[in-house]
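Residue numbers (UniProt numbering), protein chains in the order written: chain X, 1 to 339; chain P, 1 to 339.
No lab work stands behind these hints, which were simulated from the structure alone.
Check before you lean on any hint, since a few could be wrong.
[As the list claims (entries may be wrong)] In silico contact screen, one side only, chain X against chain P (beta carbon under 7 Å); selected entries:
1) Val-60
2) Gly-65
3) Gly-87
4) Gly-131
5) Val-134
6) Ile-135
7) Phe-289
8) Lys-293
9) Gly-326
10) Gly-330
11) Phe-332
12) Ala-334
13) Gly-338
Even glycine gets a Cβ: it sits at the ideal position worked out from N, Cα and C.
2 protein chains.
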Amino acid sequence: MSNTHTPLAPAFFSEVGAPSITQIEAAAARIREHAVVTPLLESAVINELTGGRILFKAEVLQVAGSFKFRGACNRLMQLSPEQKQAGVVAFSSGNHALATSAVAKLLGVKATIIMPADAPKTKVEGARDNGATVILYDRHKDDREAIGAEISRQSGAVTVPPYDDLYIMTGQATVGLEIVEALADVDVVADVVLAACSGGGLVGGVASAVRAKSPATAVYAVEPAEFDELARSLASGKPERNSPDAKSICDALQVVTPGKLTFPVNQRLLAGSLSVTDDEVRDAMRVAFKHLKLAVEPGGAVGLAAVLAGKLDVKDKTVVVILSGGNVDGDFFAKVLGG
Amino acid sequence: MSNTHTPLAPAFFSEVGAPSITQIEAAAARIREHAVVTPLLESAVINELTGGRILFKAEVLQVAGSFKFRGACNRLMQLSPEQKQAGVVAFSSGNHALATSAVAKLLGVKATIIMPADAPKTKVEGARDNGATVILYDRHKDDREAIGAEISRQSGAVTVPPYDDLYIMTGQATVGLEIVEALADVDVVADVVLAACSGGGLVGGVASAVRAKSPATAVYAVEPAEFDELARSLASGKPERNSPDAKSICDALQVVTPGKLTFPVNQRLLAGSLSVTDDEVRDAMRVAFKHLKLAVEPGGAVGLAAVLAGKLDVKDKTVVVILSGGNVDGDFFAKVLGG
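Turn these sequences into a full structure, and let the hints guide you.
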């Protein structure tokens, strides 16, 4: 783990399999046609509550409601004409489904999306509304990667993985690039950046951009308490697994084990991984509603949850929290607000 | 009413009592230190639903959760040192209270706020949290302007009216200036801009900026169905009054009659005024939550409600909808989502 202020040489990133800053800048230029440069928001009340300066990178305002649009856009824009003709297949807990189907629609590419049967209905319906063919699977019994591979074999469709892919991680890294660039414009260096972690593509990509451009900034992952595979894997030095009985309201942050490509990157670039409980996440969703006026889904609120619950010392620090997604069912959100 | 594409001479604005573009640009420069240049957001789904290109000026992301911060900021920043010492008094249904108290706190000025006893609790508590002294009055019995005048007489505090004030209207006008400038950056001219109307400071200010900088753009007010005093006043040519029994979920949009300063401005600069029912507003709040990921209060959602309910032909048009505020109680919002 690297949480010091040491400048990192370009070679370091390629050695660990991380996207280079050149690749990230190229991705940012590529996706600019379709993706939103999301704003950094700030609330005086949240600053007072926490004692820090907390800036929010509002990826809930991204196309298709999450940062996932960036990776999918970066991948699909680099398909060959033949690949575009054959279409794409993606497996996803939801946001990657929405993102891939949204990009596919924009580019006129046929998309097949494999989603867990218990995904939020706003995510399943959204993918269908984008014109994708949705195949539901049982999260506890079926192997989504095998289903995807079979579809790809039969149709020639290109698989668009949710995180273990350099195109995808490079796309997600543009979140980090935008953070550093926006802060540089106002002569601010963040002490900390917090990103949600499931497969690790977002936090790994963000760390690749941030550590290259702003070596004094520490990047932390944030995970749901029962899906803290990265925290345990960083501690043990090898990929650990979550219990098959693990539960969380963060539907977007449920993987079994760290990604093959993303884990070495996160191992070398992150300052650590924090974890938060469901109650802490609900509290963060209410605070984001009240003080930021944003609909943040559970998995998108873990960074704010970590700050509010004091999982990190933010006093007098500048902390950027990525609000990574806002695709949450209205009835679930209503229950959180009522609680 | 002027809904043609005629360029308007600068003298025209001063004749009707509207802020000049020079005053608006000066206000924009003045408040930049504290106010957010809010983003213009777009949803492919909402575009498809409506057949137009609908851009959302997200004033819910403004400091203190509504456009009202702009006017209050423009006013308080121009207080003399003696006036700052004496403090300010404001009467408000809520958003102007939050805004004035937030600016007062930033500038170290004492604020007394007179609010209706039935204002949303998030607005009353927010003003208190900002350090203001809050005085509650009965919307149906008491005269808030008289209460304010008495406090001002006793303490020497400067009254900060919610709309009938050139400083305030000029501050609100910066919303319109930002819209035109952001669109000019991407070579787009809006066909229509929609702004909520209560006292008329927002829509009058916005029209002053938009009609000066973009004469081909029509500006419409949007009002709650039972508080459509502006629509009726525009039709009759004189200030009409709302029924004392009028009801609306739009707590922010309940005035008795158009403002003395704002009505002549709106009479000359607006293309008209549309009105929407409570059910149309609830539907708009749900759409904004689902597709924009924003918490929009009832009064902030009337423009979107008008578009979704087909109150205006938006097919193949570029329409800017100002989402003017997001200060809504969680329990009320939960009920709307559940409905």
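Here is how each hint holds up against the structure:
1. Val-60: X:Val-60 check passes; min Cβ-Cβ to chain P is 4 Å, inside 7 Å.
2. Gly-65: Hint holds; X:Gly-65 Cβ to chain P Cβ min 6 Å, cut 7 Å.
3. Gly-87: Given a least distance of 20 Å, the restraint on X:Gly-87 is violated.
4. Gly-131: violated (11 Å)
5. Val-134: violated (17 Å)
6. Ile-135: violated (22 Å)
7. Phe-289: holds (5 Å)
8. Lys-293: Nearest chain P Cβ about 4 Å off; hint holds.
9. Gly-326: OK, holds: X:Gly-326 within 7 Å of chain P, min 4 Å.
10. Gly-330: Cβ of X:Gly-330 sits 4 Å from chain P, so the hint holds.
11. Phe-332: violated (9 Å)
12. Ala-334: holds (4 Å)
13. Gly-338: holds (5 Å)
Hint compliance for this structure: hints 3, 4, 5, 6, 11 are broken, all remaining hints hold.
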